[in-house]
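Peer 1: Listed below, chain by chain, are the residues.
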Amino acid sequence: MRASLVYAGRLVRRTPGRTLTYLFGLALAVGLFATILFFVDASTRRMTTLALAPVQLDMVGHATTPAVDAAAITKTLSGLDGLTAVEPVTSADFASATKSGAAQGSPAGRLFALNPSYFKTFDLLAISQGKFDPAGALISEPLAIVQHIAIGDKISVSFKGLDKPIELPVTGIVDTSRADPLFAANEAENTVIADLVFVDLGWFNSNVLDMLKTLPPTALTTGNTTTQVFAVDQQFHIRVNRETLSPDPAKANNDVITLRRTIERQFTGQLRVTNNLEAAFKSAGSDVLSAKILLIFLGLPGVALAAYLSKFAAELFAEAQRREFGLLRTRGATPRQITAIVAATSILLAVGGSALGLLIGAFGVALALGTEALSLANLPQLASSALIAFGAGLLLTFAAAFVPAFGSLQREITQERRVLRRTEGKPFWQRAYLDILLLLAALVVWYVNNANGGFKPKAVETTAVELSFFIFLIPFFIWLGTALLMLRLVDGGLKRAAVPLARLMTRVMGDLGEVAARYISRRSLRVSGSVTVIALTLSFGVSLIIFGKTYSTERQLDSQYVVGSDLRVTPALTTPQTADFASPLMVPGVVAVTGIARDTQALIGAEKQTVYGINVAEFRKVAYSPEAFFETSAQQTLDALANTPNGVILSREQADKFNIQIGDPVLMQLYSRVTSTYINARAAAVGIFGQLSTSSQDSDFILNRDFMASTLGNANLEFFLVKTNGDEATINNVRAAYAAKFANTLPVRIQDINTVINADAKSLTALNLNGLQSVEIVYTLLVISLGLAIFLLAMVNERRREFGAMRALGTTLAQLSQFIFAEAATIGVLSLIIGLILGAGLAQLLVLLLRIVFTVPTQTPIWSLPDLGALALLVIVGMVISTLLSTRRLSRLKVIEALREL
Amino acid sequence: MPEDIVLQTRELTRSYALGRETISALCDVSLTITRGEFVAIMGPSGSGKSTLLNLLGGLDAPTRGEVWLAGKNLAGLHENESAALRRHTLGFIFQGYDLFPVLTALENIMYPLLVAGVPLAERTERAGAMLAKVGLTDKAQHFPDELSGGQQQRIGIARALVNRPLVLLADEPTGNLDSTTAGDILDLLTHLVQAENLTLIMVTHDPDSARRAHRTLHLKDGRLLEAVEAVGGV
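First to last, the sequence lines map onto chains L and V.
With the numbering used here applied, the first sequence corresponds to residues 801 to 1702, in that order.
With the numbering used here applied, the second sequence corresponds to residues 42 to 275, in that order.
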């Protein structure tokens, strides 16, 4: 074997051009495959990290009884593996907080007792003024604003059931805009409370805890369940060590669930643990699954084409090998020795090409996502992906280089020549109509898949994510069927168009054109093979550009839907605003503003529902309302609401759930926050929608704002939608203007489409496809340019003898080059036309996929003409360079050697 | 150069660099061939026959020495001039026939005229006449893969002669044929050469074929050995 390896080493060095062509051809296929695998690895970790980023409080342990030893529990939890921090927190709802000496106090609020270290351990509370003093209290900004409490004032906090209020000096103000997890921590409720007081846990335990523990629990009914709520809620806020979690969200979720059970098992009957990571992991798991589907759709066709190209490169090399082996046989080498050399050569090429491919893959993913994608933290995943890509390279070489070379060894060289020069017949797949059968199969699978829920990914809870097998079959059949159909059509077209092609070529090239046309028509299968591969590659690039543009536009529209318009301004619950608040919001850059009323406590039947109130005229100008949201049309649905004062438009989901049809009366009870009472309202269903920009979560019942205000007896609005000209800069300016205007005067929450894109980063919609797209466009150009060069070289190679004879008969190099140019032009023009048409079709298929990714259903692909023009130009430049390089080979043709097949 | 000399070489040498070594494929070959002469070149594999044929046909440039063809020194010619000289002065016949598979028999014969810029009508007429001379008029529209080996070589001879060359270079023209067909082909070739008073330089391994030549040149290790005068000649 050593001797074979040495000989193989010499063989690959003796034909450096062909060796490099093969290595590069293989490396392209392996490189693109590796890039995609590495990209999936890096994206999986990134998506998991992003999904977890908003989770500030990983787990919360709730004492199920007031009689727990909080200190002992904290100590035990702190010693548990997998946790990095534990903070004991006790909360108690107060009836009112009043500035000492003031006549009127706040509505009900909540007091939290915590250690000073809490502020450093968890990033939920930020002290905006003053400091935390164990002898004093901190208060939330809304409480400070509404009750006019400043640092140094005394605050009096009264608890239901206690005779005396507690009184403490205010030592600081806390920004609670990130404190939502404090309220979500209790599963029985999910309401953000604005009026908050924070005191030292030690002080609280010594002075208040025992008194509150003696109070009887109250019953809290949510839906059909009633829970006992104690006056004090003793909690343990837990941070999990995320560094040790698997980047695979499904596995990480299993780890965290096990951790939760471990904690609960240690304190049976005393502790119930809420796992806030679980929802994030589920969301990440679904995103990772969708990302995998998306990346496979985006990447694998390119890999398949690069692999097909490497097969041609292998043929070029095999041609050189064949002559070499013929010589070896005449010198007495045994078939066994030659087989060993073939194997050794294949191994050398496979290892070299695959290694080069891995380097290209690493470079590609670094280009797409930055070098952090290749960090040591990803090593296990990257190593396994590298191994898969390397194995694919070995397999490809085995199929493309070893098998053909080994096959040709089984035949005599003279026989081989005959095979090479035989007349082209119809291949099996054409006779069997495999192309049509594959396309029919794709249709059948598509139909079956749709009947079973369409392109929805299937994730199995707490197990590794699974991809539907059928989802792979559809593009596989379509690609293969389209490729073969194109091969059939181009082949048949070239054969039938022999006469017009000859006329055209003669007009362009003179008399030689007829011979060139004859070569193209008589070797149509070879030419159509080249056209197919290049056109498919181009279509892949074209569809990627269209997909990329559509994706980024959809991302923007999706966030517009989440926000409702360009910006959303939400005043604090304690400082409700009316429609007049639209005036201060009309800052430069704003086109229109509308206020939306909301009642989250409304009852439809016995169920709690959220009801919105809109001013239709304003809503039309401001809210994002594409036609796809409505069952009839936006105009018709909103007109119906505007024309019916007590009209209600409702979501299809609720219409089906409550069996409501247009024209039906809808009886509802609206909740007045002012009077704390329910008020009956009789509305009439006038329209149905799929989605509405009032909210991406609970837009179910939409009334006229005036009807809602008159029913409730107050005109308070929940939030305001703001429309600008849509420029990112304008939106940022308006946001900055609001922040400056309301700072320290009015607590408001401002969201815009840019921040939503970032905040929504846990979702697949934040996946950075731009980098991957750039890498794949570069691959498209490389595959097309290298592909054409390889095809032309292969065609020159196959006709060495004919070109040798032509040279001997007085054909000049320029005349010979015209043949190559004629073939390159035919392949180029046909590929460009077919590639563009197919690309548009493929983009349509990819856009269908976006429907599982985005909330707003994707309608049509969005074309980016400058990008497509640039791609076409680059492709043409690549083709011209490839053709020029191929003609160089002609000048090096040694005529007599070629004629003697030396 | 006397008028009846059509081809002359002086100290023709061709060497190739192989790593650090220099291999001499042809060494100091000087020969003179006159009009109407039939010269056979023989020698074992690797003796330099192909290299000599390459150089005589202007398909390769010598390392040293000169080739004079029809009074022109090939060394000073541009690639296009060299191709033009081949078109008008030389005819090539190949061992493997090397007809163009995408062209019919008639079109194959027309090809040298096509690259020479001869108008369609004239090239059709001349090719048709050549086809008649080789006795294959009825095969005019046949493609090469529809013809036997002997028929293909007849078309090859017609293609080599159609441009009325001065010198015919034949590289083992009967090497792929059985002995009977080979005899027929050589008969046809010598008959046409004689009729047109052409010079024929033929590389061959077959002593019987060589015996038909006026002269046989023997090459060994790139050097020209003695020239053998044929007893009978053509």
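A couple of the hints might just be wrong.
With a straight-line Cα cutoff of 25 Å, these simulated DSS-like cross-link-like pairs (lysine-lysine) come out [as the list claims (entries may be wrong)]:
#, chain 1, residue 1, chain 2, residue 2
1, L, Lys964, L, Lys1013
2, L, Lys1694, V, Lys113
3, L, Lys920, L, Lys875
4, L, Lys1408, L, Lys1457
5, V, Lys180, L, Lys1694
6, L, Lys1111, L, Lys1226
7, L, Lys1092, L, Lys1051
8, L, Lys1408, L, Lys1421
9, V, Lys261, L, Lys1295
Heads up, incomplete: computed chain L residues facing chain V, CB under 10 Å, no partners named [what the hints assert, rightly or not]:
#, residue
10, Asn1007
11, Arg1307
12, Val1308
13, Asp1311
14, Tyr1319
15, Arg1692
Bear in mind the hints are in silico, worked out from the structure with no lab data behind them.
C-beta atoms are modelled at their ideal positions from N, C-alpha and C, and glycine is treated no differently.
Peer 1: Now, for every hint given, state plainly whether the structure supports it.
Peer 2: Hints, one by one, checked against the model:
1. Lys964(L) / Lys1013(L): At roughly 15 Å apart (the allowed maximum being 25 Å), Lys1013(L) and Lys964(L) satisfy the hint.
2. Lys1694(L) / Lys113(V): OK: Lys1694(L) and Lys113(V) at ~23 Å, within 25 Å.
3. Lys920(L) / Lys875(L): 19 Å, holds
4. Lys1408(L) / Lys1457(L): Judged against 25 Å, a Cα distance of about 14 Å means the pair holds.
5. Lys180(V) / Lys1694(L): Status violated; Cα separation ~32 Å.
6. Lys1111(L) / Lys1226(L): 21 Å, holds
7. Lys1092(L) / Lys1051(L): OK: Lys1092(L) and Lys1051(L) at ~16 Å, within 25 Å.
8. Lys1408(L) / Lys1421(L): At roughly 30 Å apart (the allowed maximum being 25 Å), Lys1421(L) and Lys1408(L) break the hint.
9. Lys261(V) / Lys1295(L): The hint is violated at about 50 Å.
10. Asn1007: 97 Å, violated
11. Arg1307: Violated: closest Cβ of chain V sits about 15 Å from Arg1307(L), beyond 10 Å.
12. Val1308: 16 Å, violated
13. Asp1311: Holds. Min distance 5 Å.
14. Tyr1319: 5 Å, holds
15. Arg1692: With a closest approach of 12 Å, the Arg1692(L) hint is violated.
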